[in-house]
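J.: Chain by chain, the residues:
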Amino acid sequence: MNYVIAGYSIVLGILFLYAAQLVWRRRRLTRAVDRVVAFHEDGARRTDGG
Amino acid sequence: MSATRVPPPLSPRARWTVRSIGAAAAVGMALTVWLGLWVTPPDQVQGNLVRLVYIHPGVAWVALYLAFGLAAVASLLYLWPRTRSLFWDRLAAAAVEVGVVFNVCTLVSGSIWGRPTWGVYWAWDARLTLTAILLVLFLGYIALRRLPADPEKRAKRSAFVCLFAAVDIPIDHFSVLWWRTLHQGATVLNPDLSPTIHGSMAWTLLISFLSLTLVFVWMLLVRYRIGVLEDWLGSGELDVALRQRQAEGSSAGTADGATGTDALGTGPREPVPSLVPTPSSPDPAGVVAAGHPAVPERAR
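Chains as they are written, first to last, in numbering that gives the first Met the number 0: chain A, 0 to 49; chain B, 0 to 299.
There may be inaccurate statements among the hints.
Said to hold, decoys possible - Among chain B residues calculated to face chain A with C-beta under 8 Å, some are:
1. L30
2. V52
3. C104
4. R114
5. W231
Claimed, not checked - Ranges of calculated distance between the beta carbons of each label pair, as one might list FRET restraints:
6. A/R27 x B/G46: 41 to 51 Å
7. A/R27 x B/G184: 22 to 32 Å
8. A/A43 x B/P150: 20 to 30 Å
9. B/V44 x A/R26: 42 to 52 Å
10. B/Q45 x A/R27: 22 to 32 Å
11. A/F15 x B/A142: 18 to 28 Å
12. A/I4 x B/L209: 20 to 30 Å
In short, the hints are calculated from the structure, not lab data. Every residue gets a Cβ at the ideal spot worked out from N, C-alpha and C, and that includes glycine.
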């Protein structure tokens, strides 16, 4: 049964870690895109305002 | 930058769909573990070791057939002139990355099953070796995608490599029929398509396949979104924003551009040449002459 527990633990562990890493990457990139868009909007406002 | 060039945020419906698939996958995996470890009976020959059948074939199904198969189809559709679109390239890249993770799971769970069954963690058996080769080939695909190139060129050569690697999939599938191997023949996807497993074991196996398929679909959707965001940020939009910001900071007499952090928030921003041509640096980024705030292709 030890091999069975090891098999389940390792496979589910790898999948969980990869899923968590995907969520973290997506959030990080989404924030980066938001910042870039904010830069543009901020710059456009300054230009419009003189 | 026009608003249309910004990657559109996911609609509430799409977000709800992705979350629902993720939740269903999590519930399905919990159900698989419960049925596999506590409900199903031990096997007459293998005893409790048979419980690995609810994990190992499922991850192999996702890696070999769903992920790498989908990547091959997407690559083919990219190369086909009528359907050429970067959508297929991104889909193939996402499928390969997820497939590599499942391929590692396949090899690890197979090795763990092999030790008490065959007496060794690894044997240079046809099925095992071909699955390991598949992993190496698709790791090469991922490495190739990281070489600097423009998106079209990268997509084209990646698609060719993907199709080359995918030749291994049918060989791997039929290896247990073509050669005498330690690995058993197909239980479900055998030539007669008559599953040689019955009762609660069959239902649990089916639930494990469905759950792992849902896990794959969820990972694929999230990874595809990451690809869209990475491509957008890598296309020069980030550089344009940083240069504009620095130019504004310089003209305002502040040190904002020199000491701030980058847009990813990962560290100090590197000095970026100004957008404004100067005698010592006439149009350093080549953007003013182009008449459009698009930065030359950024190496990735």
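J.: Work down the list of hints and note, for each, if the structure agrees.
T.: Each hint tested on the structure:
1. For B/L30, the shortest C-beta to C-beta distance to chain A is roughly 13 Å, which exceeds 8 Å, and the interface hint is violated.
2. With a least beta-carbon distance of about 10 Å to chain A, the hint placing B/V52 at the interface is violated under the 8 Å criterion.
3. The closest approach between the C-beta of B/C104 and any C-beta of chain A is roughly 5 Å, which is under the 8 Å cut-off, so the hint is satisfied.
4. For B/R114, the suggested interface contact is upheld, since its CB lies about 7 Å from the closest CB of chain A, less than 8 Å.
5. A least Cβ separation of about 7 Å between B/W231 and chain A falls short of the 8 Å threshold, and the interface hint therefore holds.
6. Distance hint check for A/R27 and B/G46: the Cβ-Cβ separation is about 46 Å, which falls inside the suggested range of 41 to 51 Å.
7. At about 45 Å, the CB distance of A/R27 to B/G184 disagrees with the hint of 22 to 32 Å.
8. Between A/A43 and B/P150 the Cβ separation comes to about 27 Å, which falls inside the hinted range of 20 to 30 Å.
9. Hint check: B/V44 to A/R26, Cβ distance near 47 Å, so the stated range 42 to 52 Å holds.
10. Separated by about 44 Å at the C-beta atoms, B/Q45 and A/R27 break the suggested range of 22 to 32 Å.
11. Taken as a hint, the range 18 to 28 Å holds for the pair A/F15 and B/A142, whose Cβ atoms sit roughly 25 Å apart.
12. A hinted range of 20 to 30 Å for the beta carbons of A/I4 and B/L209 is consistent with their spacing of about 23 Å.
When each numbered hint is compared with the structure, violations occur for hints 1, 2, 7, 10.
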